[in-house]
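Undergrad: Model the full structure from these sequences, guided by the hints.
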Amino acid sequence: MTKHILVVEDNHIASKMQKIILEGMGFEVDCAMTGEEGVDLALNKKYDLIIMDIGLPGIDGIESTIKIRMDQSRINNTLTPIVAVTANEEPLKREQCLEAGMDDVFSKPFTPETARELVARFFPEVAA
Numbered sequence: 074m075t076k077h078i079l080v081v082e083d084n085h086i087a088s089k090m091q092k093i094i095l096e097g098m099g100f101e102v103d104c105a106m107t108g109e110e111g112v113d114l115a116l117n118k119k120y121d122l123i124i125m126d127i128g129l130p131g132i133d134g135i136e137s138t139i140k141i142r143m144d145q146s147r148i149n150n151t152l153t154p155i156v157a158v159t160a161n162e163e164p165l166k167r168e169q170c171l172e173a174g175m176d177d178v179f180s181k182p183f184t185p186e187t188a189r190e191l192v193a194r195f196f197p198e199v200a201a
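According to my numbering, the stretch in the sequence shown is residues 74 to 201, in order.
Everything labelled a hint here was simulated from the structure, so no lab data went into it.
These figures come from a predicted structure and were not determined experimentally.
Note that beta-carbon positions come from the ideal geometry of N, C-alpha and C, so glycine has one too.
Among these hints, one or two may not hold up.
Straight-line distance between alpha carbons at most 27 angstroms, and here's what the computed BS3-like set of lysine-lysine pairs gives [stated by the list, open to error]: (1) 181 - 166; (2) 140 - 118; (3) 140 - 181; (4) 118 - 76; (5) 89 - 118; (6) 92 - 181; (7) 118 - 92; (8) 89 - 140; (9) 76 - 92; (10) 89 - 181; (11) 89 - 119; (12) 92 - 166; (13) 119 - 181; (14) 76 - 89; (15) 76 - 181.
Simulated restraints on C-beta separations [to be verified]: (16) 97 - 172: 32 to 40 angstroms; (17) 185 - 107: 24 to 32 angstroms; (18) 163 - 131: 18 to 26 angstroms; (19) 97 - 139: 25 to 33 angstroms; (20) 151 - 199: 18 to 26 angstroms; (21) 136 - 85: 20 to 28 angstroms; (22) 151 - 75: 16 to 24 angstroms; (23) 131 - 197: 33 to 41 angstroms; (24) 152 - 199: 14 to 22 angstroms; (25) 164 - 99: 29 to 37 angstroms; (26) 143 - 184: 28 to 36 angstroms; (27) 84 - 171: 21 to 29 angstroms; (28) 193 - 131: 28 to 36 angstroms; (29) 99 - 139: 26 to 34 angstroms.
TA: Encoded structure:
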């Protein structure tokens, strides 16, 4: 069964690279360029994983995650794993991400190795 991943990333090149890497691993990938678009997609389609940039225009990745978590809890009580991908490696930013409800934080750039780590963590049946 194909896993569905949502990538929320405002940098078009970074978004395209993540999509290419993940599709090459057999995943179905949708992309959103803003936090608002990411929240809308996350609440209207079933995803197995959301990869969220932190520095988004409009509502940032942390606020987007809070909105998704609030609505998921209210609607169906099933929480989709959300992983931050950020260039900001400050411990405080990591803590803010985790407090917002993100499951993990990965550093940019998003590479094939990053993708393998995500798959091993969130889809062990696929990684095996």
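Undergrad: If a hint holds in the structure, say so; if it doesn't, say that too.
TA: The hints, checked one at a time:
1. 181 - 166: 14 angstroms, holds
2. 140 - 118: Holds: residue 140 and residue 118 sit about 15 angstroms apart, inside 27 angstroms.
3. 140 - 181: With Cα atoms ~23 angstroms apart, residue 140 and residue 181 stay inside 27 angstroms; holds.
4. 118 - 76: Holds, at about 12 angstroms.
5. 89 - 118: 20 angstroms, holds
6. 92 - 181: OK: residue 92 and residue 181 at ~15 angstroms, within 27 angstroms.
7. 118 - 92: Holds. Residue 118 to residue 92 sits at ~17 angstroms (cutoff 27 angstroms).
8. 89 - 140: Measuring from Cα to Cα gives roughly 25 angstroms; hence the hint holds.
9. 76 - 92: Judged against 27 angstroms, a Cα distance of about 13 angstroms means the pair holds.
10. 89 - 181: With a Cα-Cα distance of about 14 angstroms, the restraint between residue 89 and residue 181 holds, given a limit of 27 angstroms.
11. 89 - 119: At roughly 21 angstroms apart (the allowed maximum being 27 angstroms), residue 119 and residue 89 satisfy the hint.
12. 92 - 166: 25 angstroms, holds
13. 119 - 181: With a Cα-Cα distance of about 25 angstroms, the restraint between residue 119 and residue 181 holds, given a limit of 27 angstroms.
14. 76 - 89: The given pair, whose Cα atoms are some 18 angstroms apart, holds under the 27 angstroms limit.
15. 76 - 181: It holds: about 23 angstroms lies between the C-alpha atoms, which stays within 27 angstroms.
16. 97 - 172: 32 to 40 angstroms: 33 angstroms, holds
17. 185 - 107: 24 to 32 angstroms: Taking Cβ atoms as reference, residue 185 and residue 107 lie about 26 angstroms apart, which means the hint holds.
18. 163 - 131: 18 to 26 angstroms: 22 angstroms, holds
19. 97 - 139: 25 to 33 angstroms: 31 angstroms, holds
20. 151 - 199: 18 to 26 angstroms: 19 angstroms, holds
21. 136 - 85: 20 to 28 angstroms: 22 angstroms, holds
22. 151 - 75: 16 to 24 angstroms: For residue 75 against residue 151, whose Cβ atoms are near 18 angstroms apart, the range 16 to 24 angstroms holds.
23. 131 - 197: 33 to 41 angstroms: 35 angstroms, holds
24. 152 - 199: 14 to 22 angstroms: 20 angstroms Cβ-Cβ, so the 14 to 22 angstroms window holds.
25. 164 - 99: 29 to 37 angstroms: With Cβ atoms ~34 angstroms apart, the hint holds.
26. 143 - 184: 28 to 36 angstroms: 32 angstroms, holds
27. 84 - 171: 21 to 29 angstroms: With a Cβ separation near 23 angstroms, residue 84 and residue 171 satisfy 21 to 29 angstroms, so the hint holds.
28. 193 - 131: 28 to 36 angstroms: Because 32 angstroms falls inside the window, the suggested range holds.
29. 99 - 139: 26 to 34 angstroms: 31 angstroms, holds
The structure fails none of the hints (numbered hints given earlier).
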